[in-house]
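From first to last, the protein sequence lines are chains A and B.
Following my numbering, the numbering of the first sequence begins with 4 at its first residue and continues without gaps.
Following my numbering, the numbering of the second sequence begins with 175 at its first residue and continues without gaps.
Careful: at least some of the hints might be erroneous.
[To be verified] Far from chain A, by Cβ distances over 10 angstroms, these chain B residues were calculated:
| id | residue |
| --- | --- |
| 1 | Ile304 |
| 2 | Met309 |
| 3 | Ala336 |
[To be verified] Not the full set, but computed from the structure, chain B residues with beta-carbon under 10 angstroms of chain A:
| id | residue |
| --- | --- |
| 4 | Thr306 |
| 5 | Thr307 |
| 6 | Arg327 |
It should be emphasised that the hints constitute simulated quantities derived from the structure, not laboratory data.
Note that CB positions come from ideal geometry on N, CA and C, so glycine has one too.
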Amino acid sequence: MNHPILNVKNLKVQYAKNLVLDIPELDFDAGMIYALVGPNGSGKTTLLKVLNLLLEPTSGEIYFDNRAISKSSLDALEARRQMTLVMQNPILFRTSVYKNVSYGLNLRGHKKGEMDKMVSEILEMVGLSGFENRKYSELSAGEAQRVALARGLVLNPRVLFLDEPTANVDRRNAHIFEILIKKVNVERGTTIIFTTHDLSQAYRLGHKIISLLDGCLIKSSPENILYGKIDSYNGRKLFVNADPLIKLMIEDHISRSTGVYIDPRDVIISVEPHNPSEWNSLPGNITSVNFEDSHVRLTVNVGIELVAIIDRDSYQFPSDIFGKPIYANFKIYSVHAF
Amino acid sequence: MNYIFEGFRRAFYLIFTFDPEVFSAVFVSLRVSCIAIVLATIVGIALGFLISINEFRSKRLLITILNTLMAMPTVVVGLLVYSFISRRGPLGSLNLLYTTKAMIIGQFVLAVPIITALSISAIHSVDERISTTAMTLGASGRQTAIRIFLESRFGLLAAIIAGFGRIIGEVGAAMMLGGNIRGVTRTISTAIALQTSMGEFAVGIALGIILMLVAFLINILFHYFQQR
């Protein structure tokens, strides 16, 4: 049974008068990989910084191993030394690769011989064997990113935070990173919490996906978001997206909301529309199909792009489905307000 | 024109024969300026660090004042220190006037604002991700400050060199506070002023050449560190 290594309660972060993070409760179990997804400005990086005790939240508690900690508490350093964060645009210290990678080990009082061995092992792991004496200025962007990862990994942290680990690297390096992330999790049992824009990456790597929208947790991946207003017609409550005009039936209790989202796993594609008393059925056509490990990602143009995620086993469309008229169906209760 | 060529010829002769008059001034200059720069470095960098990493009201005003003090005329500094250490001044009983100690104080006062102001800009130019990175890797507050210090090392060295460049060739404070006593408080620059006024061009030119060489070396070092 996994136990939560980190959890937060009633967490709020406010800049000036803007509430950028508002999370009533969130647990992270030891040994799992969590993907934090959400659009720009949804609070992903802020959450990582709060969890890594780099940023003091406006209010709320953080528990590490069930012990309350905060940036300013006496044992903050001890807790911080069991976690590490690799930033989206990491910066290397103006010195050699060896001194960069051994920096954290040095702070923890490791002996030189021990450090030599650990640095050489970790550099081999990230594919940079023999780079010890290179200067920071002699590295390519991809190599620098891998040195930054090695600098965090060498500490063998219990929790590893990665902020957009593959945003600034080419495809080949992104692939190397993904393999490394999985390897570190499996071999060392490291809890990994990473942010990403790439939802297929989130599904590929994450055991669990956490979605943030405007600083709040939402129950699906942050796709299929519509903005508009609530209206009613013939006694039914509708959510109306003005441009392009899309009307969705919603549950009666939803009121005063300017945005809704539909979980991609709740979207069903069919050739005929579903029963209109319980389902929203939007006509459109398929624009892309991506086969992932266990599922298929479809994008459907219904005026806007909707994403549907279907189990690979139940995917049964012919290969010439592109462009043909189909319906994207989802139940009325699958439309969530935020 | 002939007397200039003659001056240069004799100047080289004085340099290569290690003329005691010339080299005594060189040694006094180097000794006074080196001690002053070491003291100013300790104070200036510490102040620069404190001002950079702390946020307080009137920080901007303080930095503006420091930048102004960087251009403070050397005679004004001479006058200021003189008023404190002359016999009637508050520190008169220490008998510092016309000693190398007085000159060290004057040069220290000249160099501190330069080193402080340039240290502040060197530390400010360190990427703010450096301190976050150090913290993510487990650095305490003190260890983070050391990392920032190490990252700004080239800028700090440039600050020290700029301070040294300012004091090694100054005349005003050295003349007023040291009194230009032969063999004791006579520096390269005060010797040049005196020898020239006495018509001793050769000694003046010899000292001028040495001073230029020192300034040249300082500038080479300064550019080297700035480009790192």
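Here's how the hints hold up against the structure:
1. Listed as outside the interface, B/Ile304 is inconsistent with that label: its C-beta sits roughly 6 angstroms from the nearest C-beta of chain A, within the 10 angstroms cut-off.
2. With a least CB separation of 6 angstroms from chain A, B/Met309 falls inside the 10 angstroms interface cut-off, contrary to its annotation.
3. Remark: the non-interface label on B/Ala336 is consistent with the geometry, its nearest Cβ contact in chain A lying 21 angstroms away (cut-off 10 angstroms).
4. Against a cut-off of 10 angstroms between C-beta atoms, the interface hint on B/Thr306 holds, since the closest Cβ of chain A lies about 6 angstroms away.
5. The interface hint given for B/Thr307 is met, as the beta carbon of that residue sits about 6 angstroms from the closest beta carbon of chain A, less than 10 angstroms.
6. About 8 angstroms separates the beta-carbon of B/Arg327 from the nearest beta-carbon of chain A, less than 10 angstroms, and the hint is met.
Of the hints listed earlier, those the structure fails to meet are numbers 1 and 2, in rising order.
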